[in-house]
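Once you've looked at the hints, dock chains B, C, D, E and F against the given chain A.
Protein chains: 6
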Amino acid sequence: MPRPITLFTGQWADIPFEELCRRASEWGYDGLELACWGDHLDVRRAAEDAGYAAGRRATLEEHGLGLWAISNHLVGQAVCDDPIDQRHKDILPGHVWGDGEPEGVRRRAAEEMKTTARAAAALGVDTVIGFTGSAIWKYVAMFPPVPETTIDAGYTDFADRWNPVLDVFDSVGVRFAHEVHPSEIAYDYWSTHRALEAVGHRDAFGLNWDPSHMVWQGIDPAAFLYDFRDRIYHVDCKDTRQRFDGRNGRLSSHLPWGDARRGWDFVSTGHGDVPWEDCFRVLNAIGYTGPISVEWEDAGMDRLRGAAEAVEYVRNLAFDKPEASFDSAFSSDREN
Amino acid sequence: MPRPITLFTGQWADIPFEELCRRASEWGYDGLELACWGDHLDVRRAAEDAGYAAGRRATLEEHGLGLWAISNHLVGQAVCDDPIDQRHKDILPGHVWGDGEPEGVRRRAAEEMKTTARAAAALGVDTVIGFTGSAIWKYVAMFPPVPETTIDAGYTDFADRWNPVLDVFDSVGVRFAHEVHPSEIAYDYWSTHRALEAVGHRDAFGLNWDPSHMVWQGIDPAAFLYDFRDRIYHVDCKDTRQRFDGRNGRLSSHLPWGDARRGWDFVSTGHGDVPWEDCFRVLNAIGYTGPISVEWEDAGMDRLRGAAEAVEYVRNLAFDKPEASFDSAFSSDREN
Amino acid sequence: MPRPITLFTGQWADIPFEELCRRASEWGYDGLELACWGDHLDVRRAAEDAGYAAGRRATLEEHGLGLWAISNHLVGQAVCDDPIDQRHKDILPGHVWGDGEPEGVRRRAAEEMKTTARAAAALGVDTVIGFTGSAIWKYVAMFPPVPETTIDAGYTDFADRWNPVLDVFDSVGVRFAHEVHPSEIAYDYWSTHRALEAVGHRDAFGLNWDPSHMVWQGIDPAAFLYDFRDRIYHVDCKDTRQRFDGRNGRLSSHLPWGDARRGWDFVSTGHGDVPWEDCFRVLNAIGYTGPISVEWEDAGMDRLRGAAEAVEYVRNLAFDKPEASFDSAFSSDREN
Amino acid sequence: MPRPITLFTGQWADIPFEELCRRASEWGYDGLELACWGDHLDVRRAAEDAGYAAGRRATLEEHGLGLWAISNHLVGQAVCDDPIDQRHKDILPGHVWGDGEPEGVRRRAAEEMKTTARAAAALGVDTVIGFTGSAIWKYVAMFPPVPETTIDAGYTDFADRWNPVLDVFDSVGVRFAHEVHPSEIAYDYWSTHRALEAVGHRDAFGLNWDPSHMVWQGIDPAAFLYDFRDRIYHVDCKDTRQRFDGRNGRLSSHLPWGDARRGWDFVSTGHGDVPWEDCFRVLNAIGYTGPISVEWEDAGMDRLRGAAEAVEYVRNLAFDKPEASFDSAFSSDREN
Amino acid sequence: MPRPITLFTGQWADIPFEELCRRASEWGYDGLELACWGDHLDVRRAAEDAGYAAGRRATLEEHGLGLWAISNHLVGQAVCDDPIDQRHKDILPGHVWGDGEPEGVRRRAAEEMKTTARAAAALGVDTVIGFTGSAIWKYVAMFPPVPETTIDAGYTDFADRWNPVLDVFDSVGVRFAHEVHPSEIAYDYWSTHRALEAVGHRDAFGLNWDPSHMVWQGIDPAAFLYDFRDRIYHVDCKDTRQRFDGRNGRLSSHLPWGDARRGWDFVSTGHGDVPWEDCFRVLNAIGYTGPISVEWEDAGMDRLRGAAEAVEYVRNLAFDKPEASFDSAFSSDREN
Amino acid sequence: MPRPITLFTGQWADIPFEELCRRASEWGYDGLELACWGDHLDVRRAAEDAGYAAGRRATLEEHGLGLWAISNHLVGQAVCDDPIDQRHKDILPGHVWGDGEPEGVRRRAAEEMKTTARAAAALGVDTVIGFTGSAIWKYVAMFPPVPETTIDAGYTDFADRWNPVLDVFDSVGVRFAHEVHPSEIAYDYWSTHRALEAVGHRDAFGLNWDPSHMVWQGIDPAAFLYDFRDRIYHVDCKDTRQRFDGRNGRLSSHLPWGDARRGWDFVSTGHGDVPWEDCFRVLNAIGYTGPISVEWEDAGMDRLRGAAEAVEYVRNLAFDKPEASFDSAFSSDREN
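Residue numbers (numbering that gives the first Met the number 0), protein chains in the order written: chain A, 0 to 335; chain B, 0 to 335; chain C, 0 to 335; chain D, 0 to 335; chain E, 0 to 335; chain F, 0 to 335.
By construction, these hints were calculated from the structure, which means they are not laboratory data.
Mixed in with the good hints, there may be bad ones.
Given that identical chains are not distinguished, each listed pair holds provided it fits within a single copy or across any two copies.
[Stated by the list, open to error] When the alpha-carbon atoms are kept at most 20 Å apart in a straight line, the in silico EDC-like pairs for lysine to aspartate or glutamate are as follows:
1) Lys88 x Asp98
2) Lys88 x Asp277
3) Lys88 x Glu147
4) Lys320 x Asp301
5) Lys320 x Asp13
Owing to the predicted nature of the structure, the values given are computational and were not obtained by experimental measurement.
One chain only, chain A, in its complex shape (with noise of 0.2 Å):
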């Protein structure tokens, strides 16, 4: 069989989780990336009653789908972030948020990343993909002046909080994916590799790569795959499309999703600017072999009518590679 082809639920957490097995299996899929909010995971129930997911996985196998990887950008972000405000009380469970105190709340989001690992062994999936955080991200414009120093606290920090996370995504066999993104520790290619130092290149981190953000930032997606190929732990296929006249801007001015003014905006995977024939065939390349997950997003299409054709159009241009080469067939009278 082909490399699985999932749709991450995160864009869906309104849908009840049965009723968005019911379509996703219509539409195609062969499993989902699970997000761990919304009803469709709840990692605590999932790391302590092993009923729950045991049902989690009888429902998605009444469907006819697979699970390879869960997610939990959310509660990820918290773990570094700073400031910690309104914006993540707005997306984090309640025992999480708790009193909001900023500290706290780093806390216990680093503690329900460890149980969220417990969570995706209890499940039988081998793969975590989230988000860090980071204590810098917000002088990413590096005016006024940043120190070197703040910079290289900012990377301490990350390895600080997410050494003891990882030690028990070791533990239960594990690895985390981190998807690389503004707001995060690693949103380009060099912050990405400065990250992976920070933390030893220890096995348990690794990538989750999604291009959707590379492509405005003008990264290359399909030699960030080659660069990165040891850490490639999933894939996440969201896209971009761009709308450069000389007004907009990269940085889209605070302007919501969809707005025409803005320089960039997610679009349904395949009608963007993500190369993604070049990527799949690097993918093959460097012997990738897990999901290739579909993170659908798109302010101006509809979401029903997006999902079922984003995953025709995956399933069509993510091929296998053939068996034989073709020189061969240019010798084979060889034995006249």
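Below, chains B, C, D, E and F without anything else, positioned relative to chain A:
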């Protein structure tokens, strides 16, 4: 229902109206943008003979087709043109051409455009698409040197000739949608600005957005939509494909359509360089809800094949906006 | 005389005022855009002590230098910023920083900007250049999701804090020229539109056009000049050079200036990607007659060499428009 | 009927002729461009044994397939090559390789090409496609310095060796279509000009247009068609996809097909950078009416899937020209 | 001596001949390309009055200037133009305009071009530069539809009117160098081909290569030189700078020179988008040895500054080819 | 003192050593990169005759020139090449060519390279620049199909032949800087990687960075510098100018230097497409402090003019890094 997709009948005037209705319906169009030539629409009869107008609509309805706009490019062209010559004789109705004396032709053309407004009203549609002609287009190269007063006079001539026509449009509740096009008073971004100024930005005068001539002039058709968003009265989807190899030029050497030495050519919608998806997304963003009409022209493809392919292409890309936004899914478990 | 070419002294504040006057004069500058830090200009003294102001001008005149604008970016930055932290402490005068309590810092910064207006008036110049700071810059990535109300509140905060400052500007006949820049309320095309709206397009608030941050954001600096032509109060020539190789990114990985892994960097005027000639020609076309100031910054070049080279570069390109038009020559023999 | 779409069997020589006929027919091809290796076509038997030739055509016809051309690249390669080495031994029939003494190999290859012409005639086809080989290809880098006399001698050698072969082509009414390709005497635009001159522009020597090697050499395949329009004897649709990231190079580092570090690679027709639609439109414009053959090669895709997809892709784009022009519709009511 | 660098005096006709000689000499020009208007050159006197011609040359020689070509664009324009109108009256000598009856104007213009050939002969120069005019330029937009017979007739009209003029050129040993330019019969690559065909490729009709209008039409001026290498009779260095921002268009909206909303404009040689170095290198490669003339026009720069800067720019780039080749150095020690 | 700027004497070997010293000094060079051919440097004498070596240095010093590296491309070329033919005879010293038997030539070339290392040591320089030759370059087109074992064998052959040579380099404290170049074992990015692996990344084998062949191969010369930063032993500034018009190709049709139909050509440093400023900035960033050598070659320019212009161009751009950073100026008043 999404925005209707119509077929502009101008390039099909050799096919009888009823036969074209049948074909358009079979190809999957929602309606027609009816040309006022061939036997498709006789504006004098439509304006005066209620039975004729009702018959036209009845035939359309029999084939499940709607009507939202009519087009009279050929007559509009003669309102301001100078010179008036054989080219006009070849495309004008005999009663407008008359004896061919230029000023008489222009006056009769203006009267015919008033009649066209009345025909539209009689047919129950609120938009007439067309050309304006221009007294100064022939000076586009600006050599031999053209005094600014001559250019000014050209815009004034346009306003003087069209304002009385537009008064009739106003009186019958119909608006004129000028198609931005070489040979016309408004053929690019800044000439459109100036033409709108010349008629005092009156509501009766708006635009039929057709990107085919913007592409080779280097004008961004999506930005055009945004900037003139309050004047987009109609949309025509004609496509242009460029092939510049250092020899083929933008002005295309007086060569006929389909010649391989032209720098650009009209092609079936979706086969050219118009950034259709960007444009349809901007149309959504600015709230355009009118018809999207296929103006099909391709000297290199059979039109029967092309018309069927084009409606499918457009319908696939001109999708509606969704109702809810995405971020909401992230907070769905806040009640936990 | 053509438009004066000045040197912005902000990056030279470690060189004493008089020495810098001497050097700038030798390099060939016509004047200075005086920074309100280092020993270059003490706004409190300038505002209150007529002798100090006169002395400043006298020193300039001794070196044949003019003064058309003063700059107080560092204090302006603190007016709206959130968070206020060590970075501000490092750049603010001690009396503005005070005990560092954020809201107090912001209020003292606002007062200091009023003083800066008065200083400008005392020095006989009508323009103060600077930054505004921003309460919402830190949300530029828009993740975790930011409610539109938060963005709205950011622009309101800006207006609320700056309107009283601008009232003082009005009262002393000076105008504020905001430098469009990351970390500020207006940092690109559309955020500039919105910021101008937020203060009701009042005349006291205009722009210091500095293209260096437009280049890497994909914003056309020449089109920016044309569209905001009535708000171009001052011009700063800072240049940016991009080097995208698929790995170096637009956000530049929190790397310091001069690092080869950055996607872009500031360079000596004329060594980068700003289309200077286009911009100077548009400045002529829109009738800008103010100073053209070199903001020199290049982590890869010695500044003494650079400042001398830059003034020559700018003087060579920032030529004036001619008085007569060309076509006239063609008709010169009409009297024959 | 539109132009036939054929499959070049060179890369399928390991599949027995009859099985390949069956598959090609199922995939939707109109015919085959038969390779003279594997068991597909034995040129000696075809030239001498009328029953063999008739049997080949009979099998094709049973599967509804036509035959318009045969191909003998591998033998043609040896006619001029220097050095002759193991690479040739691996691809030549045993009776052509013989003892491997270079000059003997070249002479036997020339004889075999004469036989190929006779085989074509016996099969009733008028075109043989192939390579020429080259004595000077190895000097392409022009270092160590190569005297012009050496280059001249290479073209003379080509003419001297091929003219006698082409005489046989003339005598049996068949023409040779050289495939412009690295390793050959004509591999780009100007070397094609020179090769045509070398054989005096004789009609027996024309071109098999295959754009795959033009793309990475920076040669415009559509302009090539137009300029050599009287020499386009056959069309092969092989596609090339480029991926330049600053590290992968045009010469591709002696890396095998499918390696992610190559600058370009062959891909299934329609997956690469050949501007197919432009080329098919120029083919129409220059009046080419011969077969359009799919040369399928893609180290990253299963060939069974690819061959089926490619014929559909080509059939969709290689549409015929219409019969009437458009402007005629505008004047349809002139009889009114 | 390298090729002479001359100044075309057409845009300086308001400056008296002798004064212009003085200035051109001071700026560093080697000679003039003398315009036949203003007081620079009276072709009737030059053709008939040997003393006048000798006086012109004497004045040039006094200032160390040479003369290799004269230019009569303005009269040539009227030979084929239609319509003939106020624009022509503004630029023609009174005796050519006469009563302004179009056909009479055309005939007198043709006679004046014959006189121009005789004037050139009398001055001892072998090249007259100019325009042809065109009866069909006004149909460049090809709408309303233009029959091919009309286009054919335009080229025939050109040949009919110019052949008798060129007969006189032949008889006095002078050749005509048409400047490829909008408003003329030949204005791009393919119209130049057709115009050359129309006059049977007679030697009397060649080209003045001026790349300024090629740039915005997308025509490669260096390839143009190579392809028409046997017809390059003269070289004019006029430069064009493009500024496309999605709004400014290629046709430039009937806006005057220097307007910031034009898509392109003439600029001082070296300030635009003409690839001068490529072109000068191709001129060397094709063996062009005639004058290189600066046609200076820039609505945004003072012409006195510009003319001096331009000659320096051109002299710096229009270097000669060396005599020996490089590879020879590698073998210099072969006698060892 | 900034990094020295030297002239590579390889293309000047027909000019006697002393005369070239005089000229180079007058042009403004700081030293020479001495070629081991012509009469510039006899490596046998230099290795064995201390007086000869001292004399060479003395002559250089008399002209104020330094020596940091010597070059023996021509002999190095023969170490691995296959075939060995007339081209080698034309460029090798007679005692290396001998009877021309290929394996003998290769062995003598290897010995001569050992002698070259000893000559360098005798002259007190630590770097020898050169080529390696290659047994597999001729297979670059990879057709007829080349088995991977053949490619592997080519790299092994390189290591086997060069390791003994490099042992001598090590023993005398000199390193070899291979110039990445077509015809050599390492000619692009990935072949350089592989060549370094083949010799076990030993320190004796590094690179002479010459970007001229990277440009037309699509390789980023600045990224190349960064990635191989620990192997940049020397810098050669040779420039390449590309002119692709759809006909001129990357492989340049076996055409001689200076032919207008080539796709690229060598040009005087600064006249081509190498991004020199980016490269010099990266050289600063990676801490390169060795000589920057002008390798001058331009078939279209007189070399006497060119050499003088090139040193000025390079000196102007290869500026040093400053000592202090900019941000410091912002905090200069912190003591207030």
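Hint by hint, work out which the structure violates, then give me just those numbers in ascending order. Number 2 - this is the single hint that the structure violates.
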